[in-house]
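*Asks:* Residue strings, one per chain:
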Amino acid sequence: MDAKAPFKPAAADGIDRSLVIRHLRKEYRSGIAVLKDVSLTFEGRGMTAIIGPSGTGKSTLVRCINRLVDPTAGEMLFMGQDLAKLRGSALRMARRRIGMVFQEYNLVERLTVIENVLCGRLGYLPVWRAWMRKFPPGDIDRAFRLLDAVGLGDFSNIRADQLSGGQRQRVGIARALMQDPDLILADEPTSSLDPKTSVEIMELIARRAGERDIPVIVNIHNVELARRYADRIVGMAKGEVVFDGPPSALEDSHLLTIYGGEGWLE
Amino acid sequence: MSDIPAPAPTRVAFPPNWPMRIGFAVLALYIVYASTILDITWTRFIAGFGHAERFLSRMFPPDFAPDKLALLQSGMIESLQIAVLATIFGVALSLPLGLAAARNLCPAPLAWTSRTLIALFRTFHPVIVAILFVKAVGFGALAGVLALIIASMGFLSKLIGEAVEEMSMKQMEAVRATGAPFLSVVVMGVMPQVLPRFIGFSAYQLDSNLRNSALVGLVGGGGIGATLFTAFQRFDYDFVLTIVLTIIAIVMVGEILSGWVRRLFQ
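If you read the sequences in order, they're chains A and B. Residue numbers for the first sequence follow this note's numbering, beginning at 1 and rising by one. Residue numbers for the second sequence follow this note's numbering, beginning at 1 and rising by one.
Isolated chain A (complex conformation):
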């Protein structure tokens, strides 16, 4: 249960992308903690899957990291800063280095595919460029190449609301990569997709993040997918970390601790 993830050296480019979370606590209503004193260290590469039952704080944990949710207490050290303390433009600077993939894709429906991908550059550009759609040619070039990389090269000028779920999630991944991130957060990226598409999406995230040496933290319901793609699994129950180790160390007894009950395992 306390098995540590295998040590991984820093990324090839020598940048330390590790994330250290200490005593993180979140209460939506005062006194009722969704996250109770979570401490985790994420090495600066590889994929970590967070598993656990619904309502156990996985989503809250991931959203605390890029501050879509403000933590009640604790610190999150990343690239030399405590993410929990950032405000205003410092927070935006940190956010643009953290890509996020959402369960329901969260594309801007009425924008085209390429516009959605270019949204990943908004943190780097002045407002007028977004407004006039005057993105730097280098960014546009990269957006097209990323669309090719996620297999949507022919869809660049189609409106996002015309895509299927799997295609939308590919755009979501391209948007996250477009940020040139040092960390990718994925909040249930496959929960709205069919089993085959789910595998393809996990494969895509693992491959594209892997070749760029970007660490990934992914919330996932599907334990099999977690085992298959993650280098490390964190199991949460009732707002606390109850398992932390490599997929090979995850046994049925751990799943019982994480999810409770037992009938479902047979």
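For the record, the hints were derived by calculation from the structure and aren't laboratory data. Hints are supplied without guarantee of correctness; some may be wrong.
Have a look at the derived ranges for each label pair, beta carbon to beta carbon [stated by the list, open to error]:
#	chain 1	residue 1	chain 2	residue 2	range
1	B	GLU165	A	MET132	25 to 35 Å
2	B	VAL127	A	SER191	52 to 62 Å
3	A	TYR28	B	LEU29	46 to 56 Å
4	B	PRO96	A	GLY88	16 to 26 Å
5	A	PHE144	B	GLU173	52 to 62 Å
Chain B is faced by these chain A residues, among others (derived, beta-carbon under 7 Å) [stated by the list, open to error]:
#	residue
6	ARG96
7	LEU122
8	TRP131
9	LYS134
10	PRO136
All values derive from a computational prediction rather than experimental measurement. For each residue, glycine too, the CB sits at the ideal point set by N, CA and C.
Assemble chain B onto chain A, guided by the hints.
*Replies:* Below, chain B without anything else, positioned relative to chain A:
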């Protein structure tokens, strides 16, 4: 059969609603009372028909004399200009005000200040606002334009604010998560969602300003309303009919155009 018991005879499907009955009775009494106080009687109504008949007979045939047509033309052009200018400035000013009034986008103090301002703009009918502006800036088109800008802002800002409050927060959240500055979030995450409705509202407002531009002229706000008022004063009822017919034609064209614009941007 025996497992379905016969309904108890005391159960009533539609019990008498005494509060509603009393409410209607009070309303009926009030109508009688108010009509008596205001001297609304059948005799006067019948007498009114006689006046109307004389008035209408003096309107025919409409007056198409060249000097009248020149008056009509200059008045109508001024009214159109008032309507177009008021719509353009009204739209440009309503956009920021409407966004500021959206509680899901702006901090509460700003949202409530904007809402108060919008409520203020909506308090008075355009004609009353026009009277105030005629007193403030003098007779003529400027007063009419200003009055209709206020009316447009009251209407458009409120609807834009409501449209923004109904938008999908998920789409906006994703743009915010890229580290985009606030205005870029508005440009790429909010505007695409509300733009079609915004254009629809604006087209409707142009239509509405066209109608009201005749109205503000009656109180000195310039345009065809002023010509109409003068014609009434001089008992030129045949010219009044010409003006009324022209206004009807213009308003109908405006309505068709605005309907067409709204369909185009659905």
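*Asks:* Compare the structure with each hint and give your call.
*Replies:* Results of checking the hints against the structure:
A hinted range of 25 to 35 Å holds for the C-beta pair GLU165/B and MET132/A, which are about 27 Å apart. Restraint check, VAL127/B to SER191/A: a C-beta distance of roughly 57 Å satisfies the suggested window 52 to 62 Å. At roughly 53 Å, the beta-carbon separation of TYR28/A and LEU29/B lies within the given 46 to 56 Å, and the hint holds. Checked against the given bound of 16 to 26 Å, the beta carbons of PRO96/B and GLY88/A, roughly 21 Å apart, stay inside it.
At roughly 26 Å, the beta-carbon separation of PHE144/A and GLU173/B lies outside the given 52 to 62 Å, and the hint is violated. With 7 Å as the threshold, the beta carbon of ARG96/A comes within range of chain B, its nearest partner Cβ sitting at about 3 Å, so the hint holds. The beta carbon of LEU122/A comes within 3 Å of a beta carbon in chain B, closer than 7 Å, and the hint placing it at the interface holds. Because the smallest distance between the Cβ of TRP131/A and any Cβ of chain B comes to about 5 Å, under 7 Å, the interface hint for this residue holds.
With 7 Å as the threshold, the beta carbon of LYS134/A stays out of range of chain B, its nearest partner Cβ sitting at about 12 Å, so the hint is violated. About 15 Å separates the beta-carbon of PRO136/A from the nearest beta-carbon of chain B, more than 7 Å, and the hint is not met.
Hint check: violations occur at hints 5, 9, 10; the rest are consistent with the structure.
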